[in-house]
Every structure is written in C-alpha cells, then in structure tokens.
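Enquirer: Okay, here's what each chain looks like letter by letter:
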Amino acid sequence: MDERDLRLDGNAIAGMLAEVFRFDMTVEWSGCAACGARNQLGALQAYAHGMGAVLSCPGCGQALLRVARGGGRWWLDLRGMEWLQLDERARMPE
Amino acid sequence: MAGGALLGRLSWRLGRVAEVRLETPRVASLLLDVPGWEGHLPGQHVDVRLTAEDGYQAERSYSIASAPDGRRVELAVERIDDGEVSPYLAGELRAGDQFELRGPIGGYFVWQPGLGGPLLLVAGGSGVVPLMAMLRHRSATGSSTPARLLYSSRSLEDVIYRRELERLVAAGDGVTVTHTLTRAQPPGWEGHDRRIDAAMLKEVGWPPGDRPLVYVCGPTRLVEAVADDLVALGHDPDLVRTERFGPTGV
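Protein sequences, first through last, are from chains W and C. For the first sequence, the working numbering assigns the number 1 to the initial residue and increments by one for each residue that follows. For the second sequence, the working numbering assigns the number 1 to the initial residue and increments by one for each residue that follows.
In case anyone wonders, no lab produced these hints; they're calculated from the structure. Some hints could be false.
Computed footprint of chain C on chain W; a stretch qualifies when at least three of its residues, placed anywhere within it, have a C-beta under 8 Å from a C-beta of chain C [to be verified]:
1) 10-16
2) 20-28
3) 40-49
4) 85-93
DEER-style ranges, computed between Cβ atoms [stated by the list, open to error]:
5) W:G59 / C:G234: 17 to 23 Å
6) W:G72 / C:G209: 51 to 57 Å
7) W:A68 / C:R49: 16 to 22 Å
8) W:D5 / C:G114: 34 to 40 Å
Just so you know, even glycine gets a beta-carbon here, dropped at the ideal spot from N, CA and C.
All chains should be built: construct the whole structure from the sequences, respecting the hints.
Expert: This is how it looks when you write it as structure tokens:
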C-alpha cells in the first residue's frame, strides 16, 4: 500500500464537512486558486487523517481545503480555494 | 444540485439491526430499522459511529444498498480483519443490537431515473453496494434507462448480490451484468479473468458518443485506473462520478 491508496473523494468526508458548514458540501462548487478548475466538492480528492482531512484539486493537486478538529475547535484553511458557492437547497436540517 | 439531493439529518440516531445476512464470506448485509428515517437517494451513504466503554469513538462511512422505497435501511459491510469497526459490524452484530448512525449523506454520487442514461456502473468488490441501490431503484420504479454493470471480484464466492443480479438481468428490461474474476475462476469460467482495463471498458461500456452517465465505486486504485481509462476512451469527465473506498477490497 502506498499513499495513493489512502486517497478518497470529497464524498467520503461529507459528514464532517456538514458538521462545519451545515450544507451538503458534496454538491457545492468551488474554484481552484492554482489552476482555475471548477469542481463539486464530491469530485475533489480527499485525504482523511486522525485530526481531519485535506481536499485537493483533481486536476493539479492544489490543496483547496484543510479541516482539522481538536480541543473543541475546528480549524479551516481555504487558501487554495478561489471561491466557494453554497446553494441554499443543500442546507441541511438539524 | 443533481436531481435535488435529499438531505439527511446531521444528528446521530440509533439504528436497530433487524436482520444480518451473510452475502459472502467477508461481507454482511445489515438490515436496519431507523426510527424517523426520511428516505434517501441511491448512492448515498451513512456515517456509523461506535463508542467503546472508555469513550473512544470510531466513525466510518457505509454506502446504502437498499432502494429508497424500502422500509428498512440496508448497508453492506466488508470485514477488514485488522479494522476497528468492520469486524464488529460484519462479525459480532446480531438482530436486536443497536448502533449510532447519521445520514443519508452525500448528494454527489447519486443516480435517479430523472437523470436519465444510459448508465454504466463499474464496481470493484464492495464498491457494488451504492450501485446496487441504483439498480434496485431503477427496477422498483420501472425505469427503462439501459444499465450496464461491470463488476470486478476476486472470485465467484466474493460476488455480492450474485443471485439478485442474475434476477435483475433475467427480468429482461435493459440491465446487463458483466463479471470479471481477478484471482480465482471456477472450472469452465468463460468470463473475464483480469483487472478492469480500457479494452474491457470499451467492450462492455457504451460508446462515449452515447454520453452515458458513469458511476465508478471501489478501492482507490481501481477507481482511478477506471476513471483514467474512461477519459482516455473519450468519455466526458463531467459524466464520470467516482467514489473511492480507500485501500480495502479487491
């Protein structure tokens, strides 16, 4: 097994993302700040780890979203994402 | 949003095991009663959370196998021998046991009849589970969307839902199932016996010009190889949806 085997899709961390954003993020669209590709978050590559996950661009590998949880806090790093669009229809009920 | 995804609740709730069904030596189906379940879309998953006596929690995602019209939520769990969660779910759980879950989750890897087709479904091992929900839903709704399933398993005894897939094909309403057995083949096997490759996808799948909706689910390597092959064959990347399961499986 190599690191490639651990790659998942944005779909795989939909539950965690929904805890933070309260939207079904898998259907939401984003733009890559490096190559400009627009993708739904479900189509992004995901690497999950003990503290959280990284979502990266399937086209160029740019890290678009880093999320980590610890000590009662969530940490978000969205530097690699040029824009993120949230569709009200994907807002999740409590 | 693809077809208007059904949004599940974020809160954890208890599902009660109504039945455990052994599908293969490594895979068990769990039929669950989930109070207040509002339904789901074919392809969605649930998060399952187990809590140890010392408070340690482990979460995993499992695809929903049942069609939305069913009364119960059906999952399939492949037992990973050194796993934290699956040996319990696929080995120790009995009818009447309860565990926490939330969902349905994920509107991206979803198919409904309204999205049309034709459909090409490509599965590796337990990656067939969300695709089975699509085929079951297609059948239950009387959809005439042509659907082809290409399904890679280690051996015939590892094929999940084998009898039901035979019945779906026998119904003669537009479903084909092509197996490839990558490690062991029964005597006289005349089907495919290698990993899914471009030649197999070309033979089994639809021409790119038909603009099929493609859903690929399985271990990460298989999914990525298949997705690359499909794009190389000329399929529109926007029509190819993938769900990687990680390092487990075939």
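Enquirer: Honestly, which of those hints from before does the structure not fit?
Expert: Going through the list in order, the structure violates no hint and respects every one.
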